[in-house]
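Got chain A sorted already, so can you dock chain B onto it with the hints?
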Amino acid sequence: MMLPTLRRTALAIGVCLPVLLSGGCLRQAPDTVAEPGVLRFWNGFTGPDGATMERIVKRFEKDTGLRVKMQIIPWATYYDKLTLSLAYGGAPDVFICHANRLAEFARYDVMRPVDDLVSADEGLDLRDMLPNILAAARYDGKQFGIPLDCHPQGLYYNEKLFREAGLIGPDGRARPPATLAEFLDAARRLTKDTDGDGRPDRWGFAFTWLRTNWITFISQFGGSILNEDLTRSAINQPANVEATRLMADMITRYRIAPKPEGFDSWMGFRQGRVAMAIEGIYMLSSLEEQQGLAYAGAPVPKFGRRMAAWGGSHVMCMPRKLPDDRVRLAWRLIRYLSDNSLDWAEGGQIPIRRSLLKDPRFRAMRVQSAFARELPYVVFEPASHKSTEIMPFYDAAIEASLLGIQSPQQALDEAHRRIGQVMARP
Amino acid sequence: MTQRTEERLTAYAFIAPYLALFIAFLAAPVAYGLYISLHDWHVLGQSRPFVGLANYAALLQDDLFHRALMNTAYFALLTVIPGNAVSLLLALALNARVRGETLFKTLYYLPVVLSVAVTAIIWRWLYSTEFGIINHYLSLLGGPRPAWLNSPALAMPSLAVMSIWWGAGGNMLIYLAGLRGIPDEYYEAARMDGAGALARFRHVTLPLLRPALLFCLVMSLIGSSQVFGQSYILTGGGPHYSTLTVVLYMYQTGFSLYRMGYACAVAYVLFALVLGLTVIQYRLVAGRREDMAA
Numbered sequence: 001m002m003l004p005t006l007r008r009t010a011l012a013i014g015v016c017l018p019v020l021l022s023g024g025c026l027r028q029a030p031d032t033v034a035e036p037g038v039l040r041f042w043n044g045f046t047g048p049d050g051a052t053m054e055r056i057v058k059r060f061e062k063d064t065g066l067r068v069k070m071q072i073i074p075w076a077t078y079y080d081k082l083t084l085s086l087a088y089g090g091a092p093d094v095f096i097c098h099a100n101r102l103a104e105f106a107r108y109d110v111m112r113p114v115d116d117l118v119s120a121d122e123g124l125d126l127r128d129m130l131p132n133i134l135a136a137a138r139y140d141g142k143q144f145g146i147p148l149d150c151h152p153q154g155l156y157y158n159e160k161l162f163r164e165a166g167l168i169g170p171d172g173r174a175r176p177p178a179t180l181a182e183f184l185d186a187a188r189r190l191t192k193d194t195d196g197d198g199r200p201d202r203w204g205f206a207f208t209w210l211r212t213n214w215i216t217f218i219s220q221f222g223g224s225i226l227n228e229d230l231t232r233s234a235i236n237q238p239a240n241v242e243a244t245r246l247m248a249d250m251i252t253r254y255r256i257a258p259k260p261e262g263f264d265s266w267m268g269f270r271q272g273r274v275a276m277a278i279e280g281i282y283m284l285s286s287l288e289e290q291q292g293l294a295y296a297g298a299p300v301p302k303f304g305r306r307m308a309a310w311g312g313s314h315v316m317c318m319p320r321k322l323p324d325d326r327v328r329l330a331w332r333l334i335r336y337l338s339d340n341s342l343d344w345a346e347g348g349q350i351p352i353r354r355s356l357l358k359d360p361r362f363r364a365m366r367v368q369s370a371f372a373r374e375l376p377y378v379v380f381e382p383a384s385h386k387s388t389e390i391m392p393f394y395d396a397a398i399e400a401s402l403l404g405i406q407s408p409q410q411a412l413d414e415a416h417r418r419i420g421q422v423m424a425r426p
Numbered sequence: 001m002t003q004r005t006e007e008r009l010t011a012y013a014f015i016a017p018y019l020a021l022f023i024a025f026l027a028a029p030v031a032y033g034l035y036i037s038l039h040d041w042h043v044l045g046q047s048r049p050f051v052g053l054a055n056y057a058a059l060l061q062d063d064l065f066h067r068a069l070m071n072t073a074y075f076a077l078l079t080v081i082p083g084n085a086v087s088l089l090l091a092l093a094l095n096a097r098v099r100g101e102t103l104f105k106t107l108y109y110l111p112v113v114l115s116v117a118v119t120a121i122i123w124r125w126l127y128s129t130e131f132g133i134i135n136h137y138l139s140l141l142g143g144p145r146p147a148w149l150n151s152p153a154l155a156m157p158s159l160a161v162m163s164i165w166w167g168a169g170g171n172m173l174i175y176l177a178g179l180r181g182i183p184d185e186y187y188e189a190a191r192m193d194g195a196g197a198l199a200r201f202r203h204v205t206l207p208l209l210r211p212a213l214l215f216c217l218v219m220s221l222i223g224s225s226q227v228f229g230q231s232y233i234l235t236g237g238g239p240h241y242s243t244l245t246v247v248l249y250m251y252q253t254g255f256s257l258y259r260m261g262y263a264c265a266v267a268y269v270l271f272a273l274v275l276g277l278t279v280i281q282y283r284l285v286a287g288r289r290e291d292m293a294a
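Chains A and B, in that order, give the protein sequences.
To convert, note that position 153 of the first sequence is 153 in my numbering; the numbers rise steadily by one, no gaps.
To convert, note that position 234 of the second sequence is 234 in my numbering; the numbers rise steadily by one, no gaps.
Just chain A, with the same shape it has in the complex (with noise of 0.2 Å):
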């Protein structure tokens, strides 16, 4: 016990000594380290959307004779790297941000508006650019980056499952389910206990991130988790109860989707253990390279009132406190990854210009062309400034809902009541 115990005071240091060092020490270090014609790129694309992004910006390179520092960081301690860097300085030109995040570093003003940017760049045409997406890069009425994609969830199904079960259209392919009632009857086609044990081992869907498909589900019903103007907790509003109530009928009683419970869904799907799945248009690569899969994609179909799914987007940005000689280069990588998004859409992303949208490029590309249609209604994460901090919360009460630890309308009073605390905060 001793060593692990000297360990976990180390570690217990460890925690406490970042605090120290970038209280003290970093505080009056530079913005950015900037050598002259080098600009420095973070992202987190560490899959092989990194490999697609260094084939573009080499071709920058190339093209501008500019050199670009691309520093590839795993999303899981991205944003901590990120917040330092923009609080303490050492941030880089250009950055890669989630729309879910933006709302908290425009809030706390570590960003620049690109507004004047936009409005000086003739060759630039923002209404190319779908609107609903841009909006997500905007707070406060700024906009604080460009979006370079969107990444819908949509519905993965198993193609050779389907024809298997009969499921199949008059074009005598496999037939997605397009509503609550088409998706429950394929998923019951689906499910089946081929080693004869009464328990199914293959399963007609199953949740993959729990957190996104709910978000699909809510905004199908209407609902959302803060009331409109974002002030306060809307969780345990009526129409989420009954989406959430439906993705647990899901599991205890159509008995179509697996409990959650250390059940690997999407390597389930990969295998072809379960039919269907929801997931980001980003899993598209992990698709590609498991053999003997024949996989299609399409978009959620309707399970509620109205059409939605949930999508992300990765926006570039810039920090607030960039020299004006830095801002134009750094806008020149940025406007020339947007003209560019059609490669970038070939690893499993969006492009959200229309004009790319309509190119026979991306038309040919059968997945992503499948899930851009959900774009005129894609839902995001709401953009408060608390949206991190309320993630935890509706996790949590997912869950719980879902492995029927709480009723649906329990966990999310239980969420209610801790989002409506932190939201109560300054």
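It cannot be assumed that every hint is accurate.
Covered by chain B, according to a simulated footprint, are these stretches of chain A (three or more residues, beta-carbon under 8 Å) [to be verified]: (1) 77-88; (2) 107-118.
Computed list of chain A residues with no C-beta within reach of chain B, every gap over 10 Å [what the hints assert, rightly or not]: (3) 63; (4) 164; (5) 229; (6) 260; (7) 327; (8) 335; (9) 403; (10) 405; (11) 423.
Pairwise CB distance ranges, derived in the manner of DEER restraints [as the list claims (entries may be wrong)]: (12) 420(A) to 70(B): 40 to 50 Å; (13) 417(A) to 282(B): 32 to 42 Å; (14) 253(A) to 202(B): 54 to 64 Å; (15) 413(A) to 96(B): 55 to 65 Å; (16) 54(A) to 113(B): 35 to 45 Å; (17) 54(A) to 114(B): 28 to 38 Å; (18) 107(B) to 413(A): 17 to 27 Å; (19) 142(A) to 109(B): 53 to 63 Å; (20) 273(B) to 288(A): 46 to 56 Å; (21) 54(A) to 19(B): 40 to 50 Å; (22) 52(B) to 420(A): 22 to 32 Å; (23) 197(A) to 107(B): 32 to 42 Å.
Because the hints were derived from the structure by calculation, they are not lab data.
Every residue, glycine too, gets a C-beta built ideally from N, C-alpha and C.
Chain B alone, transformed into the frame defined by chain A:
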């Protein structure tokens, strides 16, 4: 310069390197933490207003913090005494001078050398509901397939079992040293008086092992009150807050939400509690010393 001053200066010179590190990396951060805990200190905040004891007052009302305290106490309950019992049993077994003692000592001690991350990743596979070896053998025996880390009732005990496996070897060595320090004459005398194995253990081994026992119990208690890595890596505090511990709560508050003032207040409350427990334990040890003197 008198010889005495010179000696003093030499002494200070010798401790200076350690003292400098101690101040820079421990004493100063600890003091600074207290200062932070009195402020509304968001990492990104332009201003960090002084709020006095408001963070501490908020902690009193914070039911998640209470939950974290209870969970930490539960973890301590599950690990301190059972873990020490395991260590003591291992030490007793090894003290019987079995063949290959060094090998067993090394094997039992091996997990202690691992970092919590490595340990946790190994055990995540063992505990996996679908693919885990534990559930594999359970289902071969016709048993259920419990979701070890995903059910609120089982998650904390699962972390405790893992932690005992991880840490038992360390205390085992201390107990073994303690056992080796007990002169054989006592056992001979006890045997002549007709004491059986159990009586010898109760009346000879346990009392003479008391310093080692106390030391290990205190260290385990301090260690388990700071449990962090296990739930950070394996459960993230879930399901439904069932493995949210005090240090994890502090970490999340400070490094996910960047509310440093509140996080430091959590740290200080934990510090006060651990200090209190240690003082109590220290008194027990001190009391014991007086017994011996008398």
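For each hint, the structure was consulted:
Coverage of a stretch by a chain is defined here by at least three residues with a beta carbon nearer than 8 Å to that chain's beta carbons; for the region 77-88 of chain A and chain B the count is 5, and the condition holds. Look at the region 107-118 of chain A against chain B: 3 of its residues bring a Cβ nearer than 8 Å to a Cβ of that chain, three or more, so the hint holds. No Cβ of chain B comes within 10 Å of the Cβ of residue 63(A); the nearest lies about 35 Å off, and the non-interface call holds. The beta carbon of residue 164(A) sits about 23 Å from the closest Cβ of chain B, which is more than 10 Å, so the claim that it is off the interface holds.
For residue 229(A), the condition that its CB be more than 10 Å from all CB atoms of chain B holds, with the nearest at approximately 22 Å. Not every beta carbon of chain B lies more than 10 Å from that of residue 260(A), the smallest distance being close to 8 Å; the non-interface claim is violated. In this structure residue 327(A) is separated from chain B by more than 10 Å, as the shortest Cβ-Cβ distance comes to about 21 Å. Taking the minimum C-beta to C-beta distance to chain B, about 27 Å, the non-interface status of residue 335(A) holds against the 10 Å cut.
At roughly 6 Å from the closest C-beta of chain B, the C-beta of residue 403(A) falls inside 10 Å, breaking its exclusion from the interface. Distance check on residue 405(A): its Cβ comes as close as 5 Å (rounded) to a Cβ of chain B, failing to clear the 10 Å threshold; non-interface status is violated. With a cut of 10 Å on Cβ distances, residue 423(A) stays outside the contact zone with chain B, its closest approach being about 14 Å. The hint said 40 to 50 Å for the Cβ distance between residue 420(A) and residue 70(B), and at roughly 23 Å that hint is violated.
Restraint check, residue 417(A) to residue 282(B): a C-beta distance of roughly 41 Å satisfies the suggested window 32 to 42 Å. In this structure the hint that residue 253(A) and residue 202(B) lie 54 to 64 Å apart at CB holds, the actual value being about 58 Å. At roughly 58 Å, the beta-carbon separation of residue 413(A) and residue 96(B) lies within the given 55 to 65 Å, and the hint holds. A hinted range of 35 to 45 Å holds for the C-beta pair residue 54(A) and residue 113(B), which are about 38 Å apart.
Under the hint 28 to 38 Å, the C-beta atoms of residue 54(A) and residue 114(B), about 35 Å apart, fit the expected range. Checking the proposed 17 to 27 Å range against residue 107(B) and residue 413(A) shows it is violated: the Cβ atoms sit about 51 Å from each other. Range check, residue 142(A) to residue 109(B): Cβ separation about 59 Å, and the 53 to 63 Å hint holds. The hinted window of 46 to 56 Å between residue 273(B) and residue 288(A) holds, with their beta carbons roughly 52 Å apart.
Evaluation of the 40 to 50 Å hint for residue 54(A) and residue 19(B) yields a pass: the beta carbon distance comes to about 48 Å. In this structure the hint that residue 52(B) and residue 420(A) lie 22 to 32 Å apart at CB holds, the actual value being about 24 Å. A hinted range of 32 to 42 Å holds for the C-beta pair residue 197(A) and residue 107(B), which are about 37 Å apart.
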